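Engineer: Residue numbers (the numbering used here), protein chains in the order written: chain A, 1 to 266; chain B, 1001 to 1283; chain C, 2001 to 2363.
Since the hints were made in silico from the structure, they are not lab data.
Keep in mind that the hints are not guaranteed to be accurate.
[What the hints assert, rightly or not] These stretches of chain B come out as covered by chain C in the derived footprint (C-beta under 8 Å, 3 or more residues):
#1 1087–1100
#2 1178–1185
[Said to hold, decoys possible] DMTMM-like, lysine to aspartate or glutamate: derived pairs with alpha carbons at most 25 Å apart:
#3 C/Lys2233 <-> A/Glu86
#4 A/Lys32 <-> A/Glu76
#5 C/Lys2132 <-> A/Glu66
#6 B/Lys1255 <-> C/Asp2053
#7 A/Lys255 <-> A/Asp237
#8 B/Lys1255 <-> B/Glu1238
[What the hints assert, rightly or not] If you only want the chain A side, here are some residues facing chain C, beta carbon under 10 Å, derived:
#9 Gly41
#10 Thr88
#11 Thr95
#12 Ala127
#13 Glu133
#14 Glu137
#15 His221
#16 Gly224
For clarity, every value in this text was computed on a predicted model and none was experimentally measured.
Cβ atoms here follow ideal geometry from the backbone N, Cα and C, with glycine treated the same way.
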Amino acid sequence: MTAPPATTEEMKTTLLSARDLTKKFGGLAAVKDVSFDLGQGVIKAIIGPNGAGKTTLYDLLTGIYEPDAGSVIFSEKDIIGLSPHEITSLGIARTFQTIQLFPNMTVIENVMVGLHHRTGSGMLKAAFKLPGERREETWIMREASRYLDIVGLEMQSKSLAGALPFGQQRMLEVARALATNPTIILLDEPASGLNVYETRELGEIIYRIRDMGVTVILVEHDMGLVMRISDEVLVLDYGEILAEGTPAEVRNDPKVIEAYLGTELD
Amino acid sequence: MANGCVYVLVAMGFNIIYNSTGIINFAQGEFSMFGGLLAFTFAVSLGVPLPLVIILTLLTCAVIGGVTERLVIYPLRRAGVLAAIIATIGASILYKSLGRLFWPKEAYKVPDFTAGNLPMPGATVSSQFLWAIGLTALSVFLAWLFFNRTRTGKAMRACSVNRQAASLVGINVSHMSLYAFVIAGALGGLAGFINAPYAKYSIGLFLGIKGFTASVVGGLGNTFGAVAGGLVLGLLEELIPGFLTVVLGVSSGFKEAIAAIVLILVLLWRPQGILGKGVVEKV
Amino acid sequence: MAEKSKAETRKEEGLGSRFLALVVRNKILLILAFFIAIMPVWADPISKPLGIDLVYVMRLVGVFTIVAVGLNLLMGYAGQISLGHGAFFGVGAYTSALLTVKAGFPVWFALILSIVVAAIVGLLVAPILRLKGHYLAMATLGLGIIAFVFFRELVWLTNGNDGVRGIPELALPGLNITTRKGEYFFVWILALLVLILCGNIVRSRQGRAIKALHHSEVAAEAMGINVSWHKIKIFMFSAALGGLAGGVFAHLQGYIDPGSFSIMLSIELVTMVVVGGMESIWGAVAGAGVILFIPEIIEALPKWLGDVPRWVERYSLYEGILFGLILILTMIFMPSGITKGLSDMTRFRRSPFVNPFRKKGVE
Chain A
1 MTAPPATTEE MKTTLLSARD LTKKFGGLAA VKDVSFDLGQ GVIKAIIGPN GAGKTTLYDL
61 LTGIYEPDAG SVIFSEKDII GLSPHEITSL GIARTFQTIQ LFPNMTVIEN VMVGLHHRTG
121 SGMLKAAFKL PGERREETWI MREASRYLDI VGLEMQSKSL AGALPFGQQR MLEVARALAT
181 NPTIILLDEP ASGLNVYETR ELGEIIYRIR DMGVTVILVE HDMGLVMRIS DEVLVLDYGE
241 ILAEGTPAEV RNDPKVIEAY LGTELD
Chain B
1001 MANGCVYVLV AMGFNIIYNS TGIINFAQGE FSMFGGLLAF TFAVSLGVPL PLVIILTLLT
1061 CAVIGGVTER LVIYPLRRAG VLAAIIATIG ASILYKSLGR LFWPKEAYKV PDFTAGNLPM
1121 PGATVSSQFL WAIGLTALSV FLAWLFFNRT RTGKAMRACS VNRQAASLVG INVSHMSLYA
1181 FVIAGALGGL AGFINAPYAK YSIGLFLGIK GFTASVVGGL GNTFGAVAGG LVLGLLEELI
1241 PGFLTVVLGV SSGFKEAIAA IVLILVLLWR PQGILGKGVV EKV
Chain C
2001 MAEKSKAETR KEEGLGSRFL ALVVRNKILL ILAFFIAIMP VWADPISKPL GIDLVYVMRL
2061 VGVFTIVAVG LNLLMGYAGQ ISLGHGAFFG VGAYTSALLT VKAGFPVWFA LILSIVVAAI
2121 VGLLVAPILR LKGHYLAMAT LGLGIIAFVF FRELVWLTNG NDGVRGIPEL ALPGLNITTR
2181 KGEYFFVWIL ALLVLILCGN IVRSRQGRAI KALHHSEVAA EAMGINVSWH KIKIFMFSAA
2241 LGGLAGGVFA HLQGYIDPGS FSIMLSIELV TMVVVGGMES IWGAVAGAGV ILFIPEIIEA
2301 LPKWLGDVPR WVERYSLYEG ILFGLILILT MIFMPSGITK GLSDMTRFRR SPFVNPFRKK
2361 GVE
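This is chain A alone, in the form it adopts within the complex (with noise of 0.2 Å):
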């Protein structure tokens, strides 16, 4: 495993910025005066007991929830209010926590779908099957494969996406994700459910996404996955930060000890 290249703060450029966000159902807050920043090229992960709020953080960010409060600056706009598909052709795409695939559809089709944002053809033009969109076609296949290459999954484009095991599944949702050229991509617990080797591969491939340019968060529980790759650590525990900082500091901070009492952190 490659050591992540070091990277100086003068170096950085801020891509995103949350600010005091904010998000209550019914009483209980699920996220609490959040702000972080996330810097360009960096591998940024978000841990925190189960329930800490990373998820629904995540929910804000991609415009399924609106939060109660805060903003989130993203290209020099707030993306507060923004739909997910708008924020999805801004630029943030994202994994889930349940598999939400397609799985009646093939694998290559699968990704052909996240290649829609950046494509055009309406109905009509389908309809007709004027050349405009065949070209397209040709192109969105072969893009497609491109990002099938990237996940290791090529040698299965054609299979249905349910049928395949569960850790393909994972990396599919990755291509599908990717598929959608972001600039940042959120995954949500990617590495669970998989085995060693497969978390290590996980990894490799976290490390391919970032050499494309491409900023990842990384909400995840596995801690060696965390500690090895990530360049910067945010800690929630009850909706709040608790803690952040690079991986070793995080690591000793006795608050986050206290809060993952009994949890191996090598």
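Start from chain A and add chains B and C according to the hints.
Structural biologist: Only chains B and C this time, still in chain A's reference frame:
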């Protein structure tokens, strides 16, 4: 206002099945159809005394409800929403045609329970009307008792909240489904019975839509919602056609569309109804 | 992955091999087209002894195929449900009928307008697509009822229960279609065209988007698909097809009244789609064929068997029973419809048989 009572009962039928199984029973109206038609057969063709007629009608309709569940719902318990919808639609058509087959005439009249009117302050009220209210109120009360005070009733409510969890604590979910249909069958039968002067085979869809609308207006899944909804709908149906004719000069034939319009409006704007807290699966 | 130049690609594919690929991919279409084309030849002679006017029924099958395909796309691919599609059929029928009878419009123009009007109506009611499952089903049922009531009550416009008479026969600019066979071919050329277009849509980017939103609206949104807009688009499209079919129907029948567009029609349409199979557009053809031929066959049974028990003869009474049973049994035993069953038999599938009604999500 007797209409309102009928709607209340049909709405309760919808609620009970929905609560226990999450299914909307498109054949609910047909249970009422059977209620009215069977009542006629028992009372007029067979000359059975009235009190017995009520009991027989309710029993038969309860059985029909149960049969529906076993033959149509149970085999599809693992299929999704769409399958159950289509299957109950199929049952609805089937029952309507059976109704038409055995009771082909346009309307059947079941004699009033007790003849005559009662003078009351302000208006003369037919005793039939009082019967309707009385029976409805009794049913509501019994339903409330059942769901809040008996074990089976509470078990059925548990199913509506979380079917999986309910089965995990030992509740036999498929039995609950059966009971729900049996009870809804009986309630539907009672509704048809009260509506009896207008018993005919085509009444199923009519009552079904109104009952469902009442249920949604009051809040799907809420017993008192059914009451509220049924009464509100009954009221609207009395008032609106008059309003339309007088103010807009529009014919009264639009009356049938009122329930449908109310339904759509409520679904769009206040899907949880007046009293309800059910989830409407919008987002 | 070097980029091939356009010229190279074209040379490589070659006109001949591209044509062959086209044929192979569209084999069902070609078989169907061939069958339709030669049908009048062998059908007419046997119609009399059979007791069924095959060409007449097939004409109707063509009309209903058009609306069924639209509904198929909406229900099978997009996963929505419409129990009120008869409304669009009726809107199309009345639009075309009234424009030709009362306003003297040429038939071809009136048909185009019936498509447009139906699509507009579809757009107007599209807000109900926010609903899901039972709620959408009930709401569309409500729409069907409202449409029927309007057809019946807006007497100044629709003649109410008296209906619209004297609807002119089908005609294209310069060509009057007055013969039975002429109508048959007109309808089927239209139907095949619609099938081709829909097939193209299904295999395209839009088709994928629609299938995606059926599986998981959340994921589809995350892929940059504006789910609401796509739902509206496909709904309008299926409404437009319904309108077209209704318009053609009006001209075939010469007379329409509100009774033709009741809730039963909407339920028949859903039955066609369900029985035919929602996973493929050919299901629309199969479904329309089955639903329209069964009553014909039953009515003709006395002729075939000579002596038949009394009850069989009174078919119309049993129509509903048959329908209801078909729906129920199809759901229980053949939820994917006829076409899936057939295709499974003829093609070995590597993947497990997936019931389209299974609850979505990983289990």
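Engineer: Please verify that hint: A/Ala127, Cβ, nearest Cβ of chain C, below 10 Å or not.
Structural biologist: With a minimum Cβ separation of about 4 Å from chain C (threshold 10 Å), the hint on A/Ala127 holds.
Engineer: Given the hint that B/Lys1255 pairs with B/Glu1238, does the C-alpha gap stay at or below 25 Å?
Structural biologist: holds, 9 Å
Engineer: So, as I understand it, the hint says A/Glu137 touches chain C; can you test that by seeing if any CB pair is closer than 10 Å?
Structural biologist: Because about 7 Å separates A/Glu137 from the closest Cβ in chain C, which is inside the 10 Å limit, the hint holds.
Engineer: Under 10 Å, Cβ to Cβ, is where A/His221 needs to be relative to chain C, so tell me if that hint holds or is violated.
Structural biologist: Nearest chain C Cβ about 18 Å off; hint violated.
Engineer: Next pair to validate is B/Lys1255 with C/Asp2053; report whether the Cα-Cα distance is within 25 Å.
Structural biologist: violated, 41 Å
Engineer: Please work out if C/Lys2233 and A/Glu86 have their alpha carbons no farther apart than 25 Å.
Structural biologist: Holds - the C-alpha atoms of A/Glu86 and C/Lys2233 are around 18 Å apart, at most 25 Å.
Engineer: Check whether the Cα positions of A/Lys255 and A/Asp237 lie no farther apart than 25 Å.
Structural biologist: holds, 10 Å
Engineer: Is the shortest C-beta separation between A/Gly224 and chain C less than 10 Å?
Structural biologist: violated, 25 Å
Engineer: Quick check on A/Thr95 please, does its C-beta sit within 10 Å of some C-beta on chain C?
Structural biologist: holds, 9 Å
Engineer: Would you check the hint for A/Lys32 and A/Glu76, treating anything up to 25 Å between C-alpha atoms as holding?
Structural biologist: holds, 23 Å
Engineer: Does the structure keep C/Lys2132 and A/Glu66 at a Cα separation of 25 Å or less?
Structural biologist: Judged against 25 Å, a Cα distance of about 22 Å means the pair holds.
Engineer: For the hint on A/Thr88, does the least C-beta distance to chain C fall short of 10 Å?
Structural biologist: Holds. Min distance 4 Å.
The structure is inconsistent with the numbered hints 2, 6, 9, 15, 16, although it conforms to all the rest.
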